[in-house]
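Undergrad: Chain by chain, the residues run as shown.
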Amino acid sequence: MKYRKLIFAGPVGVGKTTAIASISDEPPIQTDAAASDLTRLRKPATTVALDYGVLHLPDGGKVHLYGTPGQERFDFMWDILTEGGIGLILLIDNNRADPLHDLRRFLDSFRSFVASTGLAVGVTRMDLKAQPPLEAYHHELARLGFRAPVLEVDARRRADVSLLIQALLLHIDPGLSIEGGEHEPTASP
Amino acid sequence: MKRANVAILGAPPRFHSLLAHVLSQNCRARVVAAEQADICIIDLDGHGAGELLAAERRRQPPRPLILLSLREVEGEEGVWLKKPLQSRELAQALERILERQERPAPQRPSAGADLPEPRSPAGDIDPTADEAAFYEPRDYLQNLLVAAYRQALATEMTLRIDLGWEPIVIYPRQRLVWVDADDRKLRAFCRLPLHRVVRLRGEGGPQTVIQPDPEAGLREPPPGAQRMDAFLWKVAWWNAAGRLPRSVAPDRPLQLRQWPNLTRYWHPPQALPIAALLYRRAQTTLAAARVLRLPMAEVAGFVSAASALQLLRFPEVHAAATEPVTEAPRVSERQGLFQRIMKRLRGK
Numbered sequence: 001m002k003y004r005k006l007i008f009a010g011p012v013g014v015g016k017t018t019a020i021a022s023i024s025d026e027p028p029i030q031t032d033a034a035a036s037d038l039t040r041l042r043k044p045a046t047t048v049a050l051d052y053g054v055l056h057l058p059d060g061g062k063v064h065l066y067g068t069p070g071q072e073r074f075d076f077m078w079d080i081l082t083e084g085g086i087g088l089i090l091l092i093d094n095n096r097a098d099p100l101h102d103l104r105r106f107l108d109s110f111r112s113f114v115a116s117t118g119l120a121v122g123v124t125r126m127d128l129k130a131q132p133p134l135e136a137y138h139h140e141l142a143r144l145g146f147r148a149p150v151l152e153v154d155a156r157r158r159a160d161v162s163l164l165i166q167a168l169l170l171h172i173d174p175g176l177s178i179e180g181g182e183h184e185p186t187a188s189p
Numbered sequence: 001m002k003r004a005n006v007a008i009l010g011a012p013p014r015f016h017s018l019l020a021h022v023l024s025q026n027c028r029a030r031v032v033a034a035e036q037a038d039i040c041i042i043d044l045d046g047h048g049a050g051e052l053l054a055a056e057r058r059r060q061p062p063r064p065l066i067l068l069s070l071r072e073v074e075g076e077e078g079v080w081l082k083k084p085l086q087s088r089e090l091a092q093a094l095e096r097i098l099e100r101q102e103r104p105a106p107q108r109p110s111a112g113a114d115l116p117e118p119r120s121p122a123g124d125i126d127p128t129a130d131e132a133a134f135y136e137p138r139d140y141l142q143n144l145l146v147a148a149y150r151q152a153l154a155t156e157m158t159l160r161i162d163l164g165w166e167p168i169v170i171y172p173r174q175r176l177v178w179v180d181a182d183d184r185k186l187r188a189f190c191r192l193p194l195h196r197v198v199r200l201r202g203e204g205g206p207q208t209v210i211q212p213d214p215e216a217g218l219r220e221p222p223p224g225a226q227r228m229d230a231f232l233w234k235v236a237w238w239n240a241a242g243r244l245p246r247s248v249a250p251d252r253p254l255q256l257r258q259w260p261n262l263t264r265y266w267h268p269p270q271a272l273p274i275a276a277l278l279y280r281r282a283q284t285t286l287a288a289a290r291v292l293r294l295p296m297a298e299v300a301g302f303v304s305a306a307s308a309l310q311l312l313r314f315p316e317v318h319a320a321a322t323e324p325v326t327e328a329p330r331v332s333e334r335q336g337l338f339q340r341i342m343k344r345l346r347g348k
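Chains as they are written, first to last, in our numbering: chain A, 1 to 189; chain B, 1 to 348.
Be aware that one or more of the hints could be misleading.
[Stated by the list, open to error] Here are the computed lysine to aspartate or glutamate pairs in the DMTMM-like style, where the Cα-Cα straight-line distance is at most 20 Å:
hint: 1; chain 1: B; residue 1: K82; chain 2: B; residue 2: E95
hint: 2; chain 1: B; residue 1: K343; chain 2: A; residue 2: D25
hint: 3; chain 1: A; residue 1: K5; chain 2: B; residue 2: E333
hint: 4; chain 1: A; residue 1: K129; chain 2: B; residue 2: E35
hint: 5; chain 1: A; residue 1: K5; chain 2: A; residue 2: D127
hint: 6; chain 1: B; residue 1: K82; chain 2: B; residue 2: D251
hint: 7; chain 1: B; residue 1: K82; chain 2: A; residue 2: E182
hint: 8; chain 1: B; residue 1: K82; chain 2: B; residue 2: E72
hint: 9; chain 1: B; residue 1: K185; chain 2: A; residue 2: D59
hint: 10; chain 1: B; residue 1: K343; chain 2: A; residue 2: E83
hint: 11; chain 1: B; residue 1: K343; chain 2: B; residue 2: E333
hint: 12; chain 1: B; residue 1: K83; chain 2: B; residue 2: E99
hint: 13; chain 1: A; residue 1: K5; chain 2: A; residue 2: D25
hint: 14; chain 1: A; residue 1: K62; chain 2: B; residue 2: E333
hint: 15; chain 1: B; residue 1: K343; chain 2: A; residue 2: D127
Hints in this document: simulated from the structure, not taken from any laboratory.
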């Protein structure tokens, strides 16, 4: 299982379940349940254990995609989930009250995992709220001693999630070769 | 790996021996007689250096020169290195010359054509071939765009750039730009310096202006309006046409302050590894192209676009600190896995 897991983390409702669904080769396993706490204010159902998806590789191998539950009361699971992970895809919802506080909270929790692997930050819902801009995330990361790609993403859009994962892998190892066509940004679905 | 034949001219015997030792130990070079050399190192403080230099200037075909002296040399062709000489500086100067020699000749734009042909993707640029290697952003749309953005954001007024081509309308409140042209048309237009646009339009045509467009300001931006940052990014990339902005020397270390927002910007696939490398540590454009084994023109396009969006910083770092650390990337188990994931993600 070593080096075969990609971890998706972020606050409740940021789009972790959607991001995994948009990139997974198999229907993702979701453990949603009716929300019974403050989460209910943001969405009717939420992930209470974890999300799971799979990427099938050309050689027959698999990469497991794990989404951590967003609520703080489940943070005891985060250490177990991250064991053997390739790196962290941290999704932050720009439309929440204090997205930079969310960034700090998750980086604090995943600091040792990120230090030994890598990090890429995807900022969602910037179309609903443009502030803070991506520069603010970079400043906050630098202040906390991190350097990482920060990209605007729409979790529903496979191209965005794919590019964020590619940025994570290249950030860990810039020597990877790459092929394919030009990237043409498209309008939000 | 090919070794260069280098002659050392004008140096006193002890200095000659020292240089020969450095060249054989630290450089891809062997010391040969003057008539057999591909590259000449001339000690300008040595006896008869003036005559040696004059003879080299007359030589056909010319060969690359490395000039050593205590005092700064101006107006001479060649690479000047100040004494006391550091062996690392000599090795780097020699390596740059060898790189240029090993590259295919640059493609120059045709002087008579109204629309210069785009550079071949596989083509490369020679940092010594000034016209082909550099461009002046103020001669192109990108600087006009930056000026219009600044004005629109400061005044919060909808502005229009009228070049006698399709009008470009800037909506500062929504941070959007609209032009009635698809990317193919815009890309072709971006190849033209502005003075050529004016010439094509004719002397009697309207002047290039940035002016308020109150009528457009009353309406919402049309469907298809583009984000200001994404629009400037691609305009700068296409204005560059594989060249560097004149202010960015290819051997000047630079680093990305932050990743460009590539999910929202047009880019060729190689932009990703370029971003990763230039974000990780300061590199010269030349070194980045070498490490990534990319045509210099491709890295230059990225640097130009990042420069237009002010995503670059130019740290005063020691040259050695910018040297690549991954000349021959090791293929570890992890790298093999990462490579397969990349292939899977980029597969159709």
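Undergrad: Against each hint, give a clear statement of whether it holds in the structure.
TA: The hints, checked one at a time:
1. At most 20 Å may separate the alpha-carbon atoms for a hinted pair to count; B/K82 and B/E95 meet this at roughly 17 Å.
2. A C-alpha spacing of about 14 Å is found between B/K343 and A/D25, which places the hinted pair at or below 20 Å, so the restraint holds.
3. Between A/K5 and B/E333, the direct Cα distance comes to roughly 15 Å. Compliance with the 20 Å bound is thereby established for this hinted pair.
4. Between A/K129 and B/E35 the CA atoms are separated by roughly 69 Å; this puts the pair beyond 20 Å, and the hint is violated.
5. The hinted pair formed by A/K5 and A/D127 fails the criterion: a straight-line CA distance of about 30 Å is larger than 20 Å.
6. Between B/K82 and B/D251 the CA atoms are separated by roughly 17 Å; this keeps the pair inside 20 Å, and the hint holds.
7. Restraint check for B/K82 and A/E182: not satisfied, since their Cα atoms lie roughly 45 Å apart, outside the 20 Å limit.
8. Annotation: proposed proximity of B/K82 to B/E72 holds, straight-line Cα distance about 7 Å (limit 20 Å).
9. Between B/K185 and A/D59, the direct Cα distance comes to roughly 41 Å. Violation of the 20 Å bound is thereby established for this hinted pair.
10. Distance hint between B/K343 and A/E83 is unfulfilled; the C-alpha atoms sit about 24 Å from each other, more than 20 Å.
11. With a C-alpha separation of about 16 Å, the suggested pair B/K343 and B/E333 falls inside the 20 Å cut-off, and the hint holds.
12. Annotation: proposed proximity of B/K83 to B/E99 is violated, straight-line Cα distance about 24 Å (limit 20 Å).
13. A distance of roughly 15 Å separates the Cα atoms of A/K5 and A/D25; the hinted pair therefore holds under the 20 Å criterion.
14. Taken as a hint, the A/K62 and B/E333 pair is honoured in the structure, with Cα atoms around 15 Å apart against an allowance of 20 Å.
15. Under the criterion of a C-alpha separation no larger than 20 Å, the hint pairing B/K343 with A/D127 is inconsistent with the structure, at around 30 Å.
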